[in-house]
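Protein chains in written order, with the numbering used here: chain F, 1 to 79; chain A, 101 to 179; chain S, 201 to 279; chain R, 301 to 379; chain Y, 401 to 479; chain U, 501 to 579; chain G, 601 to 679.
One thing to keep in mind: the hints can contain errors.
27 angstroms max Cα-Cα, derived BS3-like pairs, lysine-lysine [what the hints assert, rightly or not]: (1) Lys531/U <-> Lys7/F; (2) Lys133/A <-> Lys214/S; (3) Lys514/U <-> Lys614/G; (4) Lys607/G <-> Lys431/Y; (5) Lys431/Y <-> Lys614/G; (6) Lys631/G <-> Lys62/F; (7) Lys125/A <-> Lys314/R; (8) Lys31/F <-> Lys562/U; (9) Lys25/F <-> Lys233/S; (10) Lys31/F <-> Lys514/U; (11) Lys433/Y <-> Lys318/R; (12) Lys414/Y <-> Lys331/R; (13) Lys231/S <-> Lys107/A; (14) Lys333/R <-> Lys218/S; (15) Lys614/G <-> Lys562/U; (16) Lys314/R <-> Lys231/S; (17) Lys225/S <-> Lys633/G; (18) Lys33/F <-> Lys107/A; (19) Lys14/F <-> Lys562/U; (20) Lys107/A <-> Lys18/F; (21) Lys31/F <-> Lys107/A; (22) Lys31/F <-> Lys114/A; (23) Lys407/Y <-> Lys618/G; (24) Lys533/U <-> Lys14/F; (25) Lys33/F <-> Lys525/U; (26) Lys233/S <-> Lys107/A; (27) Lys607/G <-> Lys462/Y; (28) Lys33/F <-> Lys562/U; (29) Lys607/G <-> Lys433/Y; (30) Lys607/G <-> Lys418/Y; (31) Lys133/A <-> Lys62/F; (32) Lys407/Y <-> Lys362/R; (33) Lys433/Y <-> Lys325/R; (34) Lys607/G <-> Lys525/U; (35) Lys314/R <-> Lys433/Y.
Computed footprint of chain A on chain S; a stretch qualifies when at least three of its residues, placed anywhere within it, have a C-beta under 8 angstroms from a C-beta of chain A [to be verified]: (36) 224–237; (37) 240–249; (38) 263–274.
The hints are simulated quantities; they were obtained by calculation from the structure and are not laboratory data. By construction, the Cβ of each residue, glycine as well, lies at the ideal position given by its N, Cα and C atoms.
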Amino acid sequence: MSEPIKKPLSVLQKAVHKQVSIRLKNDHEYKGKMMNIDQYMNVILTNAEEYNNNSLSANYGKLVIRGNNVLFIKIESDL
Amino acid sequence: MSEPIKKPLSVLQKAVHKQVSIRLKNDHEYKGKMMNIDQYMNVILTNAEEYNNNSLSANYGKLVIRGNNVLFIKIESDL
Amino acid sequence: MSEPIKKPLSVLQKAVHKQVSIRLKNDHEYKGKMMNIDQYMNVILTNAEEYNNNSLSANYGKLVIRGNNVLFIKIESDL
Amino acid sequence: MSEPIKKPLSVLQKAVHKQVSIRLKNDHEYKGKMMNIDQYMNVILTNAEEYNNNSLSANYGKLVIRGNNVLFIKIESDL
Amino acid sequence: MSEPIKKPLSVLQKAVHKQVSIRLKNDHEYKGKMMNIDQYMNVILTNAEEYNNNSLSANYGKLVIRGNNVLFIKIESDL
Amino acid sequence: MSEPIKKPLSVLQKAVHKQVSIRLKNDHEYKGKMMNIDQYMNVILTNAEEYNNNSLSANYGKLVIRGNNVLFIKIESDL
Amino acid sequence: MSEPIKKPLSVLQKAVHKQVSIRLKNDHEYKGKMMNIDQYMNVILTNAEEYNNNSLSANYGKLVIRGNNVLFIKIESDL
Chain F
1 MSEPIKKPLS
11 VLQKAVHKQV
21 SIRLKNDHEY
31 KGKMMNIDQY
41 MNVILTNAEE
51 YNNNSLSANY
61 GKLVIRGNNV
71 LFIKIESDL
Chain A
101 MSEPIKKPLS
111 VLQKAVHKQV
121 SIRLKNDHEY
131 KGKMMNIDQY
141 MNVILTNAEE
151 YNNNSLSANY
161 GKLVIRGNNV
171 LFIKIESDL
Chain S
201 MSEPIKKPLS
211 VLQKAVHKQV
221 SIRLKNDHEY
231 KGKMMNIDQY
241 MNVILTNAEE
251 YNNNSLSANY
261 GKLVIRGNNV
271 LFIKIESDL
Chain R
301 MSEPIKKPLS
311 VLQKAVHKQV
321 SIRLKNDHEY
331 KGKMMNIDQY
341 MNVILTNAEE
351 YNNNSLSANY
361 GKLVIRGNNV
371 LFIKIESDL
Chain Y
401 MSEPIKKPLS
411 VLQKAVHKQV
421 SIRLKNDHEY
431 KGKMMNIDQY
441 MNVILTNAEE
451 YNNNSLSANY
461 GKLVIRGNNV
471 LFIKIESDL
Chain U
501 MSEPIKKPLS
511 VLQKAVHKQV
521 SIRLKNDHEY
531 KGKMMNIDQY
541 MNVILTNAEE
551 YNNNSLSANY
561 GKLVIRGNNV
571 LFIKIESDL
Chain G
601 MSEPIKKPLS
611 VLQKAVHKQV
621 SIRLKNDHEY
631 KGKMMNIDQY
641 MNVILTNAEE
651 YNNNSLSANY
661 GKLVIRGNNV
671 LFIKIESDL
């Protein structure tokens, strides 16, 4: 069971360099290109856009999001 | 006691590829096909629908939900 | 001291297949038959009923509740 | 230093079968006979009474309280 | 560095049997004689008094406070 | 997979001595020169400025921010 | 990488016996002489002053602050 049980993190690893949308616990959403992600769901995002209630609220060059704030990660292009 | 004590995670593993409904701590609900789940209850959901107070609020292709946000997982089709 | 110090989880293990009522931190209550439970208090509940302020708010077939949300578990039939 | 540093949990162990009053983080209080307790402060309580703002709000046969919700435990009869 | 880096817990150990005042995260304050404390800051307090906004709200014989609720511990008599 | 899976923390390590902007969970933002960072995202910031709703609210010489409060770190100059 | 990655805690260790200002998650601030600090950021403070919205609200002789409540520590005199 140890191999399939790791899958969600593997799916995220395979999504590196793809466009993602990350919803945080505070309900803000960050969209950008996911440059990398680790096992805590710490994420590097480039060309990041911050959305608040679906409206763009800020632009960032390069963000490192701390994984414990993540609610979910939406992978824009299917694997 | 070590074998039966692991059962809830085994039940979730057996529900892979089934339709589930996931309630988060923020009271949002996500319905979709559970493609996989790990021991932290990190979940991959495809054709995900977001419900807010029982009304559909968004559609997502593929979501990875971080397990620590999960309140409960309802397995739509019994095992 | 190691043997008696594990008792609360043993009591829960012995209550498997009994009727329980589970209060969560968000004050919702879930009643049903406890099919299994692990050391994190992750619980499988069947024929689950959700109560909100003591009134029935929903019915579920099979639920897996994530243990970290549990406030307490009431065992309906004494051991 | 390792022996005395474990004392609070030892005191709780010695209070097994005594009458206790357990205040939770949500300010509810549970009084009853403490049948057992483990190192996480998971507690089994029998003949449990729930108090809300010092007034009795419910009676329970046997409760298992998850330790991480505990604010403090008052031991009614001194050791 | 390992020896001095443990000092705050050692200072608390040396304050056993002294009068302390413990502020919790919920802003309540508990004053009493600290009978013991462990590495999680679980504390045994005797002749405990509860203060709410600096006014006495309750008296307790013997309390065991769960350490994760502690904001700070004030040692009344200097070491 | 162990090497690429560590990347977000490596990116932060490489940003030492760069100008960063750190958003905390309480929505305050701290800008300054990041003198160092560890694996918990504990950060040393010099010439730190505190921003509240995008307006400067305080100046600090040298701050050590505890990592568990971090929402994200924006690296001002790209790597 | 293991040596520089520990720096924030080393900087705090070197600041022992200096004047510090500690902001907690509940927005209270504590100023005093930092007598010691451990790896959890548990801190011993002497001649401690409590500030609320920048106004002095209380004086304490000796405080031990539990590290998990710390937002940041400002070192008053640069290293």
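Evaluated hints:
1. As the CA atoms of Lys531/U and Lys7/F are separated by approximately 37 angstroms, the hinted pair breaks the 27 angstroms bound.
2. Using a Cα cut-off of 27 angstroms, the hinted pair Lys133/A and Lys214/S is violated, with the two alpha carbons roughly 33 angstroms apart.
3. Pair hint Lys514/U plus Lys614/G holds up; C-alpha atoms about 24 angstroms apart against a cutoff of 27 angstroms.
4. For the proposed pair Lys607/G and Lys431/Y, the alpha carbon gap of about 37 angstroms is over 27 angstroms, so the pair is violated.
5. Restraint check for Lys431/Y and Lys614/G: the C-alpha separation of about 33 angstroms exceeds 27 angstroms, so the hint is violated.
6. Between Lys631/G and Lys62/F, the direct Cα distance comes to roughly 35 angstroms. Violation of the 27 angstroms bound is thereby established for this hinted pair.
7. A hinted pair counts as satisfied when its Cα atoms are at most 27 angstroms apart, and Lys125/A with Lys314/R does not qualify at roughly 37 angstroms.
8. As the CA atoms of Lys31/F and Lys562/U are separated by approximately 32 angstroms, the hinted pair breaks the 27 angstroms bound.
9. Using a Cα cut-off of 27 angstroms, the hinted pair Lys25/F and Lys233/S is violated, with the two alpha carbons roughly 32 angstroms apart.
10. As the CA atoms of Lys31/F and Lys514/U are separated by approximately 23 angstroms, the hinted pair is consistent with the 27 angstroms bound.
11. For the hint pairing Lys433/Y with Lys318/R, the CA-to-CA distance comes to about 22 angstroms; that is within 27 angstroms, so the pair holds.
12. For the suggested pair Lys414/Y and Lys331/R, the alpha carbons sit about 33 angstroms apart, so the restraint of at most 27 angstroms is broken.
13. Between Lys231/S and Lys107/A the CA atoms are separated by roughly 19 angstroms; this keeps the pair inside 27 angstroms, and the hint holds.
14. Annotation: proposed proximity of Lys333/R to Lys218/S holds, straight-line Cα distance about 22 angstroms (limit 27 angstroms).
15. With a C-alpha separation of about 13 angstroms, the suggested pair Lys614/G and Lys562/U falls inside the 27 angstroms cut-off, and the hint holds.
16. Distance check on the hinted pair: Lys314/R and Lys231/S sit about 33 angstroms apart at the alpha-carbon level, beyond 27 angstroms; violated.
17. Under the criterion of a C-alpha separation no larger than 27 angstroms, the hint pairing Lys225/S with Lys633/G is inconsistent with the structure, at around 39 angstroms.
18. As the CA atoms of Lys33/F and Lys107/A are separated by approximately 38 angstroms, the hinted pair breaks the 27 angstroms bound.
19. With a C-alpha separation of about 39 angstroms, the suggested pair Lys14/F and Lys562/U falls outside the 27 angstroms cut-off, and the hint is violated.
20. Proposed proximity of Lys107/A and Lys18/F is contradicted: the alpha carbons are some 35 angstroms apart, above 27 angstroms.
21. A distance of roughly 37 angstroms separates the Cα atoms of Lys31/F and Lys107/A; the hinted pair therefore is violated under the 27 angstroms criterion.
22. Of the supplied pair hints, the one linking Lys31/F and Lys114/A is violated, its CA atoms being roughly 33 angstroms apart against a limit of 27 angstroms.
23. At most 27 angstroms may separate the alpha-carbon atoms for a hinted pair to count; Lys407/Y and Lys618/G meet this at roughly 16 angstroms.
24. Distance check on the hinted pair: Lys533/U and Lys14/F sit about 33 angstroms apart at the alpha-carbon level, beyond 27 angstroms; violated.
25. About 23 angstroms separates the Cα atoms of Lys33/F and Lys525/U, which keeps this hinted pair within 27 angstroms; it holds.
26. Only pairs whose Cα atoms come within 27 angstroms are accepted, and Lys233/S paired with Lys107/A is accepted, the gap being roughly 15 angstroms.
27. For a cut-off of 27 angstroms, the pair hint linking Lys607/G to Lys462/Y is broken: about 42 angstroms separates their Cα positions.
28. For a cut-off of 27 angstroms, the pair hint linking Lys33/F to Lys562/U is broken: about 33 angstroms separates their Cα positions.
29. Proximity of Lys607/G to Lys433/Y is assessed by CA-CA distance (about 38 angstroms); at most 27 angstroms being required, the pair is judged violated.
30. Of the pairs offered as hints, the one joining Lys607/G and Lys418/Y is violated, with about 35 angstroms between alpha carbons and a cut-off of 27 angstroms exceeded.
31. Distance restraint check for Lys133/A and Lys62/F: the Cα-Cα separation of roughly 33 angstroms exceeds the 27 angstroms cut-off, and the hinted pair is therefore not satisfied.
32. The suggested pairing of Lys407/Y with Lys362/R is violated, with an alpha-carbon distance near 42 angstroms, which exceeds 27 angstroms.
33. Restraint check for Lys433/Y and Lys325/R: satisfied, since their Cα atoms lie roughly 23 angstroms apart, inside the 27 angstroms limit.
34. Of the supplied pair hints, the one linking Lys607/G and Lys525/U holds, its CA atoms being roughly 23 angstroms apart against a limit of 27 angstroms.
35. Distance restraint check for Lys314/R and Lys433/Y: the Cα-Cα separation of roughly 19 angstroms lies within the 27 angstroms cut-off, and the hinted pair is therefore satisfied.
36. For a cut-off of 8 angstroms, the count of residues in the stretch 224–237 of chain S with a CB near a CB of chain A stands at 6, and the three-residue condition holds.
37. Check result for the stretch 240–249 of chain S against chain A: holds, 3 residues qualifying (beta carbon to beta carbon below 8 angstroms, three or more required).
38. Residue count for the stretch 263–274 of chain S with a Cβ under 8 angstroms from a Cβ of chain A: 6. That meets the three needed, and the coverage hint holds.
Of the numbered hints listed earlier, those contradicted by the structure are 1, 2, 4, 5, 6, 7, 8, 9, 12, 16, 17, 18, 19, 20, 21, 22, 24, 27, 28, 29, 30, 31, 32.
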